[in-house]
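Sequences are here, hints too, so could you generate the full structure?
Residue numbers (numbering that gives the first Met the number 0), protein chains in the order written: chain A, 0 to 252; chain B, 0 to 277.
In case anyone wonders, no lab produced these hints; they're calculated from the structure. Mixed in with the good hints, there may be bad ones.
[Stated by the list, open to error] Subject to a maximum C-alpha distance of 25 Å in a straight line, what follows is the list of computed BS3-like cross-link-like pairs (lysine-lysine):
no.: 1; chain 1: B; residue 1: K181; chain 2: A; residue 2: K119
no.: 2; chain 1: A; residue 1: K130; chain 2: A; residue 2: K72
no.: 3; chain 1: B; residue 1: K175; chain 2: A; residue 2: K87
no.: 4; chain 1: B; residue 1: K181; chain 2: B; residue 2: K93
no.: 5; chain 1: A; residue 1: K195; chain 2: A; residue 2: K87
no.: 6; chain 1: B; residue 1: K181; chain 2: A; residue 2: K87
no.: 7; chain 1: B; residue 1: K5; chain 2: A; residue 2: K113
no.: 8; chain 1: A; residue 1: K130; chain 2: A; residue 2: K195
no.: 9; chain 1: A; residue 1: K77; chain 2: B; residue 2: K175
no.: 10; chain 1: A; residue 1: K72; chain 2: A; residue 2: K195
no.: 11; chain 1: A; residue 1: K130; chain 2: A; residue 2: K87
no.: 12; chain 1: B; residue 1: K93; chain 2: A; residue 2: K17
no.: 13; chain 1: A; residue 1: K119; chain 2: A; residue 2: K130
no.: 14; chain 1: A; residue 1: K118; chain 2: B; residue 2: K181
no.: 15; chain 1: B; residue 1: K181; chain 2: A; residue 2: K116
no.: 16; chain 1: A; residue 1: K87; chain 2: A; residue 2: K116
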Amino acid sequence: MQDQYKINIRDMSFFIEKKQIIYDLNLDIRTNEILSIFGPAGSGITTLLRALNRLNELIPGARIEGDILLDGKSVYRKEVVLTELRRKIGMVFDVPTPLPMSIFDNIAYGARLKGEKNKKVLSDIVERALKEAALWDEVKNRLKTSALALSGGQQQRLCIARVLALEPEVILLDRPCSGLDPISTAKIEDSLTQLKERFTIILAPHNLQQAGRVSDYVAFMLMGELIETGKNDDIFANPKDQRTSDYITGRFG
Amino acid sequence: MRVKPKTTELIAKILIWSAAIFVLAVLSFIIIYILYRGLPMISWSFLTEIPRNMGRDGGIASPIVGTIMVTAVAIALAVPLGIGTAFYLAEYTKESGITRVIRFSAESLAGIPSIVYGLFGFIFFVIYLNLGWSVLAGGLTLAVMILPTVIRTSEEAIRAVPQSYREVSFSLGGTKWQTIIKAVFPSAIQGISNGIILGVGRCVAETAAIMLTAGGALRMATSLFSPTRTMAVHFYILAREGISMSNAYGTAALLIILIFIINVVSNALVNRFMAKNR
Chain A
0 MQDQYKINIR DMSFFIEKKQ IIYDLNLDIR TNEILSIFGP AGSGITTLLR
50 ALNRLNELIP GARIEGDILL DGKSVYRKEV VLTELRRKIG MVFDVPTPLP
100 MSIFDNIAYG ARLKGEKNKK VLSDIVERAL KEAALWDEVK NRLKTSALAL
150 SGGQQQRLCI ARVLALEPEV ILLDRPCSGL DPISTAKIED SLTQLKERFT
200 IILAPHNLQQ AGRVSDYVAF MLMGELIETG KNDDIFANPK DQRTSDYITG
250 RFG
Chain B
0 MRVKPKTTEL IAKILIWSAA IFVLAVLSFI IIYILYRGLP MISWSFLTEI
50 PRNMGRDGGI ASPIVGTIMV TAVAIALAVP LGIGTAFYLA EYTKESGITR
100 VIRFSAESLA GIPSIVYGLF GFIFFVIYLN LGWSVLAGGL TLAVMILPTV
150 IRTSEEAIRA VPQSYREVSF SLGGTKWQTI IKAVFPSAIQ GISNGIILGV
200 GRCVAETAAI MLTAGGALRM ATSLFSPTRT MAVHFYILAR EGISMSNAYG
250 TAALLIILIF IINVVSNALV NRFMAKNR
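Next comes the structure, spelled out in C-alpha cells:
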C-alpha cells in the first residue's frame, strides 16, 4: 500500500540572523500517524515544529530555505493565509499556556477568532473538545471559572482541547508533558493514541520512553540535522546510525 | 567585633519598620491636618455655589466643574494617543532609531517642569491657535504633559504580558489585531490603568500650567472655550493672595477626597474587569 503523506519537508534550512539552526532537512510525515522527533535539547526540534505552522516568523531575523508541503502544497506560498494555516496545524506548547480567562473562553478562543458568536455552537465546540481531551468530567461544572486555577496536567489537557476545538488536521506537540507528573502524562498519552485516528500528530517527546510508548514513527535530530527516521520499533531495535544508537543507549545526551 | 546574625536581623527589622512608620506618619499627618482644617468647610452650599468676593464667600462649584472639564479633555486626548503609541512601540515595530527617538523624547518630556508646558500651551494653544484662556487650551496642554507618563506606563504594561499569550493566540489562528485586543490588552489593562490614574492625578493637581492656559475665571464654564479655574488653581490663589485660608483648606480637602474617589472607583472597575477575565 502506498503511504499517504500529510507533510513533506524538502531541503529545509533555518536561520536566525546568521546562525543556522536547521541543516538541509528532509522528512516525510504520514497521515494519521504519530511521529516523534527526539534528540537532545538544542537540536532544533522546537524550531522545526514552529516552522510547520510558521510561528517562527515572530522571531526577528528568522529566515527559511527549502520548502514545507502540506497536502502537497507549500505552506510558504504567497497566497497562504496564515490564520487558516495555523488553524489547520494546531500547536501545544511545552509549558501549559492557558490564557487568563475562563475555561470556556479558552476553548472557545479559536472559534471566536473565526467570528463564531452563536452560544449554542460555541458550547457544543467546547464540550466536544473537552471530551476529546479527556477533561470534560473534571471541569464540566466550572467552565466559567479561571483556567489558571487548574492543575498543571489539567491546564495542558485544556491546551490540547483548545487546539482540538479548531478541528485541525495536524497537531504539533512540543514536549507537552515536560512539567507534568506521571499520571497526567499517562492521561495525555492515552488521548494522543485515540486522537491519531483523526489527526496527524507530530510530537517532541520529553524522553525516549514516551517516544517509544506512543509513536508509530520516530525521527532523531542532533545539532539541527535529521540523523535518522523510521518505524518506532526499527529505530529503537536496530538504529542504523552510530549517533542514534549512542543516544538511545544513553552514551550521551 | 563580629555581630551575631540575630542582632543584625533585629537591627534591620527596626530600621525597616521605623522607615515605614516614619513615612506613614508624615503622610497621614498631612492628610489628617488638611481634612481637619478643610472638612468643616465642606457643605452643600460650598459644593453648589459659585465663588463670590474673589472666593472669600460662596462655594467652589465652578472650580469643581472646571477641574472635571479640563481633566476630561486631557484624558480623552492623552489616553487613546498614549495607548496607541505604546502598542506601536511594543508590538508593531522593531527596536530601531525611530523607537529610540520616541522613547527618549517621552522620557525627557516626562521630566520637564509643568510651568514649561504651561508656557508652551500659552504660546501655542492660547495665542497661536487663538483658543484664548479656555478649558480646551488647558486640557490640550495637560494632555501633552501627561502623554509621556501614559505612554511609558502603558508600554511597560504591554511588554510585561508573557510572550506565550501572543504565541498561543497566533497559533490558534489569531491575526495581530485580534491577538492584541483579546490576549494582550486584557492582561495589560491593570498597568495601563495605573498610568491613566497617575495622569488623572497630575491633571487634577496641576496649577502652573492651568493658570497660563485656562486662566482663572471664577464664573461657571459653559463650553470648551470658556475660561475657567481648577480646584488646584483656586486653592493656590486663595492661599497665595491671603483671600481665605479656610476656603483654601476646604478646597484642598475636597481635592484629596476627589483623588481618593478616583483611585477607588478606577481600581474597582479594573478589578471587576479582571474578575471577569480570570
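How the hints compare with the structure:
no.	hint	verdict
1	K181(B) <-> K119(A)	21 Å, holds
2	K130(A) <-> K72(A)	32 Å, violated
3	K175(B) <-> K87(A)	18 Å, holds
4	K181(B) <-> K93(B)	22 Å, holds
5	K195(A) <-> K87(A)	15 Å, holds
6	K181(B) <-> K87(A)	21 Å, holds
7	K5(B) <-> K113(A)	62 Å, violated
8	K130(A) <-> K195(A)	15 Å, holds
9	K77(A) <-> K175(B)	18 Å, holds
10	K72(A) <-> K195(A)	22 Å, holds
11	K130(A) <-> K87(A)	20 Å, holds
12	K93(B) <-> K17(A)	18 Å, holds
13	K119(A) <-> K130(A)	17 Å, holds
14	K118(A) <-> K181(B)	18 Å, holds
15	K181(B) <-> K116(A)	15 Å, holds
16	K87(A) <-> K116(A)	21 Å, holds
In the structure shown, a violation is registered for the earlier hints numbered 2, 7, in ascending order.
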